[in-house]
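We have chain A; now place chain B onto it with these hints.
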Amino acid sequence: MYGFIAKRLLATIPVMGVVAVVVFLLLRLSPGDPAAVLAGDAGSPEDVHRIRVALGLDRPIHTQFVIWIGQLARGDLGTSIISNIPVTRMISQRLEPTAALAVTTILFAVLVSVPMGVLAAWHHGTWVDRAVMAFSVIGFSVPVFVLGYLWIYGLAMSLKWLPVQGYVSISQGVWPFAQRLILPTLTLSVIYVALIARITRASVLEVMGEDYIRTAHAKGVADRRLLIRHALANAAVPIVTVIGLGVALLIGGVVVTESVFNLPGLGRLTVDAVLARDYPIIQGLILIFSSVYVLLNLVIDIAYTLLDPRIRY
Amino acid sequence: MSTRWSLVARTATILGLAALVSLSLRPAATAEAQTTIKAVKHSALRVLDPILTTAYITRNHGYMIYDTLFAMNDRFEVKPQMVDKWTVSADKLTYTFTLRDGLTWHDGAPVTAEDCIASLKRWGERDTLGQKLLEYTKELRAVNPKTFQLVLKSPYGLVLESLGKPSSNVPFMMPRRIAETPGSKAISEHIGSGPFKFVQAEFQPGIKAVYVKNPDYSPRGEAPSWASGGKRVKVDRVEWIAMPDHQTAVNALIGGEIDFIESPPHDLLPVLESAPGVKTMIINKLGLQGMLRFNHLHPPFTNPKIRQAVAYAVMQDDYMKTWISEAKYRRTCLAMFVCNTPLASEAGADGLMRGNLEKARALLKEGGYDGTTVVLMHPTDVNSIASYPVVTAQALRKIGMKVDVQAMDWQTLVSRRGKQEPPAQGGWNMFHTNWVAHDVMNPVVNAGVNTKGAKGGWFGWPADPQIEDLRDQFAREGDPAKQKKLAADIQRRAYEVGAYLPLGEYIQPTAYRDRLSGILEGPAPFFWNIEKK
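Chains as they are written, first to last, in our numbering: chain A, 1 to 313; chain B, 1 to 533.
Derived from the structure by calculation, the hints contain no laboratory data. Just so you know, not all the hints are guaranteed correct.
To be verified - Okay, derived cross-link-like pairs now, DSSO-like style, lysine-lysine, Cα gap no bigger than 27 Å in a straight line:
| hint | chain 1 | residue 1 | chain 2 | residue 2 |
| --- | --- | --- | --- | --- |
| 1 | B | K138 | B | K455 |
| 2 | B | K279 | A | K160 |
| 3 | B | K121 | B | K146 |
| 4 | B | K138 | B | K153 |
| 5 | B | K455 | B | K121 |
| 6 | B | K132 | B | K532 |
| 7 | A | K160 | B | K532 |
| 8 | B | K321 | B | K402 |
| 9 | B | K402 | B | K305 |
| 10 | A | K160 | B | K402 |
| 11 | A | K160 | B | K208 |
| 12 | B | K485 | B | K79 |
| 13 | B | K398 | B | K321 |
| 14 | A | K160 | B | K38 |
Next comes chain A alone, as it looks inside the complex:
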């Protein structure tokens, strides 16, 4: 197992290398000029040129790449071209809201969707099953921003139970923190509830047809124990895979939710950096996202061994 983990971690090095080269080249070859952004709308062509020279953007691409890789080797992601602030500081400023939203969303989604899926499978073909599936279809179909506005209209504007927007760090109080995460979590989790509930239902249904379930049933195992201990535990591998993929997608997919609820997270930082052609931030973020994806896959693989003793590395 430890050998497997070490091998997987070593394998991330070439993966990150490829990501670094591709991202760097893509950014430099796509249209856009951070010097023009920095000069502002009224900046003259001469201003833009002077800024480009001052930032070293007039140097050959390979020279810029060598400089960046050199920084990276020293653990330095560089400095934002636009804000003149270290990339690591900017990312760390934005990490907490995104991490908090991702954690609450996945927790909420798992806590709601797994029982829903199990229930649908247990009551296969009944109105319960149809209701869960109907919710699932709706959850997939309604765009996140529409849901967000509906929640805001209902719970914040009409009932005034929750604030419309903003983020308060957990260090400033648990309730203010939670209060501002409820609506974004409800909004973002719907699609994951729909996805995980469907997969859970399908996996549990498949397992329910297995011989050992019939045997357990014949031995008089109680329904609840049968469902959780025998059916769900054995259906867990595909469910965990989907949850893992969901977490990975979540990290990159929170942009709309962060915008609608004005959360200062990594999603907004990514979009802002892309629009402003702030190369060091985009490069830093993509490297970090890629590392997270690689690590998540590793965690999922390790989780398989906990859920299914037959899986060994």
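Positioned in the frame of chain A, the structure of chain B alone reads:
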């Protein structure tokens, strides 16, 4: 299995506890002051150097923490601000400025003449008006710690207008050590002598900027008017919050979570105007001017007849109507130097921009238009500009021109407009933009009538020595009546050569909670004089 699960459970518990401990050990955020204005600005603040960039959000940041030697009032008069008294020699070549008593930087050091000289030099590296002023300047010298002189090579008519320039780049004063940073490099310290202090520790680029009252600021005795007069701060703290979603900002204002939205979109104004506890006002009554810019370097717009054909084909009213439904927020205006300003005139605009398609077609024929496709850049992500290319393309097609409307984001446009290559090699033929009125209200600051050509000109690069000569005369002239005549001559010639087309003007209202009072009019939203109940 049970051993593995217990290992996982223990690890999770340890990690969870570690996370909680680390969160609880974080320094508590600054306690919210009693009077804090929470304002959503027109865009997010990312660049903090108001000399490096011309971005309006950075200019507004500059007004918070820096002060100026002179400032313009609502009668377009330039008044002393940091300057106590000033004199000009009989030959109009030597200006002597003495600073007010008690001016200090935010770090406590006194403001000196050397600081101001260094600030003017840096500003003169970057700003159009500053560059022109320094062209005419023989020397900037300190007489004593509070007095300095500006010695000209020859008389120059815009000395005070330059020092009191209200919009980007504003000649903000900075400590010498900061102002000695090259103009093409961002400053790293943000210390001014203005009415607010910038809270660097709470700055999150693109998210939030925080300012606190500068207790050591000594306001002038006069009443505030635009950027001039007494800047009395009546709140403890101002927070600029960036909200990417307009609807969220509107909901937050109605819900009382914020106090101020600088630029709510026009289509949401009816919602705000009918919301209890919310008021709207117009801070910048001069508004903004739309601009259609030709690329004079490449066909078909190398031909003045074809530029004129476009000027006859388009109709000003169409541009603003497409995105502002309420007539009170838009107006047609043929004055390149903005309606309701001292230099406003309709010189040279007879019959232009009234949708005269017959005349346009005739000019097109006369100009020998050969069917060259016009590459029109269309920024789809800027609401206030996105509709202009559609209107232009329609007018051009009506008169028989071929148009290739290329959709892109604004930053791509901003980068691409710098390319002087032909359209087939990544260049362009036309783009549109908007200008705050104060940035186009005289022929020296108005980039549209800069006709220096491919070297030294603004994007589009028209070349016309006659206009340049007139602009130079304007800069040297000190008599307002003669300046007005010169401005009219420049405008007449600019229309004749098709330097650019003004597309009309629009007004941007501001919305705020009724617990705020004392909001000032001006070229930018100012936060002094505002009280919060």
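Against the structure, the hints:
Proximity of K138 (chain B) to K455 (chain B) is assessed by CA-CA distance (about 24 Å); at most 27 Å being required, the pair is judged to hold. Only pairs whose Cα atoms come within 27 Å are accepted, and K279 (chain B) paired with K160 (chain A) is accepted, the gap being roughly 21 Å. With a C-alpha separation of about 17 Å, the suggested pair K121 (chain B) and K146 (chain B) falls inside the 27 Å cut-off, and the hint holds. Distance hint between K138 (chain B) and K153 (chain B) is fulfilled; the C-alpha atoms sit about 5 Å from each other, no more than 27 Å.
Restraint check for K455 (chain B) and K121 (chain B): the C-alpha separation of about 22 Å stays at or below 27 Å, so the hint holds. About 42 Å separates the Cα atoms of K132 (chain B) and K532 (chain B), which puts this hinted pair outside 27 Å; it is violated. The hinted pair formed by K160 (chain A) and K532 (chain B) meets the criterion: a straight-line CA distance of about 23 Å does not exceed 27 Å. A threshold of 27 Å between alpha carbons decides the hint, and for K321 (chain B) with K402 (chain B) the separation of about 24 Å falls inside it, so the pair holds.
With a C-alpha separation of about 16 Å, the suggested pair K402 (chain B) and K305 (chain B) falls inside the 27 Å cut-off, and the hint holds. At most 27 Å may separate the alpha-carbon atoms for a hinted pair to count; K160 (chain A) and K402 (chain B) exceed this at roughly 54 Å. With a CA separation close to 25 Å, the supplied pair K160 (chain A) and K208 (chain B) stays within the 27 Å bound. Restraint check: the Cα-Cα separation between K485 (chain B) and K79 (chain B) comes to about 24 Å, which is no more than 27 Å; the hinted pair holds.
For the proposed pair K398 (chain B) and K321 (chain B), the alpha carbon gap of about 19 Å is at most 27 Å, so the pair holds. Restraint check: the Cα-Cα separation between K160 (chain A) and K38 (chain B) comes to about 20 Å, which is no more than 27 Å; the hinted pair holds.
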